[in-house]
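Based on the provided sequences and hints, a complete structural model is requested.
Residue numbers (the numbering used here), protein chains in the order written: chain A, 96 to 205; chain B, 306 to 424.
The hints are simulated quantities; they were obtained by calculation from the structure and are not laboratory data. Note that the coordinates shown come from a computational prediction; the quantities given were computed from them, not determined experimentally. We put the beta carbon where it would ideally sit given N, CA and C, even for glycine. Any given hint could turn out to be false.
Said to hold, decoys possible - List of simulated lysine-lysine pairs, DSBU-like, C-alpha gap at most 30 Å:
1) K149(A) <-> K201(A)
2) K149(A) <-> K324(B)
3) K201(A) <-> K368(B)
Unchecked claim - If you anchor each label on the Cβ, the simulated ranges turn out as follows:
4) G371(B) <-> P109(A): 46 to 54 Å
5) M307(B) <-> P109(A): 29 to 37 Å
6) S330(B) <-> P136(A): 35 to 43 Å
7) G153(A) <-> S424(B): 40 to 48 Å
8) V310(B) <-> T121(A): 37 to 45 Å
9) P346(B) <-> L205(A): 23 to 31 Å
10) D412(B) <-> S104(A): 35 to 43 Å
11) D148(A) <-> S336(B): 22 to 30 Å
12) G153(A) <-> S421(B): 30 to 38 Å
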Amino acid sequence: QSVLTQPPSMSAAPGQTVSISCSGGTSNVESNFVSWYQHLPGGAPKLLIYDDDKRPSGIPDRFSGSKSDTTATLGITGLQTGDEAEYYCGSWDSSLRAVLFGGGTKLTVL
Amino acid sequence: QMQLVQSGPELRRPGASVKVSCKASGNTFSSNYVHWVRQAPGQGLEWMGIINPSGATTTYARKFQGRVTMTRDTSTSSVYLQLTGLTSDDTAVYYCARKPTSAATLDLWGQGTLVSVTS
Chain A
96 QSVLTQPPSM SAAPGQTVSI SCSGGTSNVE SNFVSWYQHL PGGAPKLLIY DDDKRPSGIP
156 DRFSGSKSDT TATLGITGLQ TGDEAEYYCG SWDSSLRAVL FGGGTKLTVL
Chain B
306 QMQLVQSGPE LRRPGASVKV SCKASGNTFS SNYVHWVRQA PGQGLEWMGI INPSGATTTY
366 ARKFQGRVTM TRDTSTSSVY LQLTGLTSDD TAVYYCARKP TSAATLDLWG QGTLVSVTS
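Here it is as structure tokens:
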């Protein structure tokens with residue numbers, strides 16, 4: 096069981112907007128940066144968001160990150176069929192001295 | 306364009322050990338920390354540990370302490386993951402990933418190495 100909690104699955108139609116939550120605690124999400132990853136079947140995870148709300152070069156602005164207290168959120172606007180993937184949040188935990196990942200959210204674009 | 310290239314798939318018997326390599330091509334990553342992360346079939350991402358740029362310092366997830374060793378060879382821009390006492394639960398795809406800035410930012414990933422443990 097992951098210490099960072101994500102909804103196991105979400106679905107939405109093309110063009111719509113989704114928000115994926117990542118709930119943690121004071122020793123991880125609240126006090127350390129959160130990153131988000133997109134994982135397509137057969138490939139390596141891809142960094143979408145780092146330091147809570149920053150996008151690496153090449154990541155479209157349809158992807159956004161935010162954080163409030165112990166919950167981080169990944170937003171995806173203008174959903175495309177190519178966005179269908181597993182999404183993971185990650186954060187350092189100061190107590191465990193470890194990187195924690197959420198359990199992953201499988202996004203289906205109907 | 307820098308890439309991380311990992312070694313090929315491995316097949317091991319229970320109780321054996323495995324060593325996976327990760328080599329930087331197109332540039333070096335001598336100044337970067339490197340994480341190791343694995344994903345078992347049908348499961349999520351699991352962090353295993355991290356090694357510092359010189360290779361002198363490692364931090365391992367508690368679950369793997371005593372069984373895992375991370376090393377690096379700066380002369381060849383390579384890092385290594387060794388896991389001993391393998392069981393079927395260790396069957397997974399193992400990834401190396403570069404850490405450029407904050408602790409949980411993994412910005413460049415290897416292609417993954419499948420390690421299968423079966424009798």
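With 35 to 43 Å as the target window, see if S330(B) and P136(A) comply at their CB atoms.
-> violated, 25 Å
Cβ separation of D148(A) and S336(B), checked against the hinted range 22 to 30 Å | holds, 25 Å
For the range 37 to 45 Å, tell me whether the beta carbons of V310(B) and T121(A) fit it or not.
-> holds, 39 Å
Indicate whether the distance between the beta carbons of G153(A) and S421(B) respects the range 30 to 38 Å.
-> holds, 33 Å
Take the C-beta atom of D412(B) and the C-beta atom of S104(A), compute their distance, and say whether it sits inside 35 to 43 Å.
-> Check failed, 27 Å falls outside 35 to 43 Å.
So the hint says 29 to 37 Å: do the beta-carbon atoms of M307(B) and P109(A) match that?
-> holds, 34 Å
Satisfaction of hint between K324(B) and K149(A), Cα-Cα up to 30 Å = Measuring from Cα to Cα gives roughly 35 Å; hence the hint is violated.
With a cut-off of 30 Å on the C-alpha distance, tell me whether K201(A) and K368(B) pass.
-> holds, 26 Å
Go ahead and decide if the range 40 to 48 Å is satisfied by the Cβ distance of G153(A) to S424(B).
-> holds, 44 Å
30 Å Cα cutoff - pair K149(A), K201(A) | Holds, at roughly 22 Å.
For G371(B) and P109(A), compare the CB-CB distance with the range 46 to 54 Å and indicate the outcome.
-> holds, 49 Å
P346(B) paired with L205(A), Cβ distance criterion 23 to 31 Å | holds, 26 Å
Checked against the numbered hints above, the structure breaks hints 2, 6, 10 and satisfies the rest.
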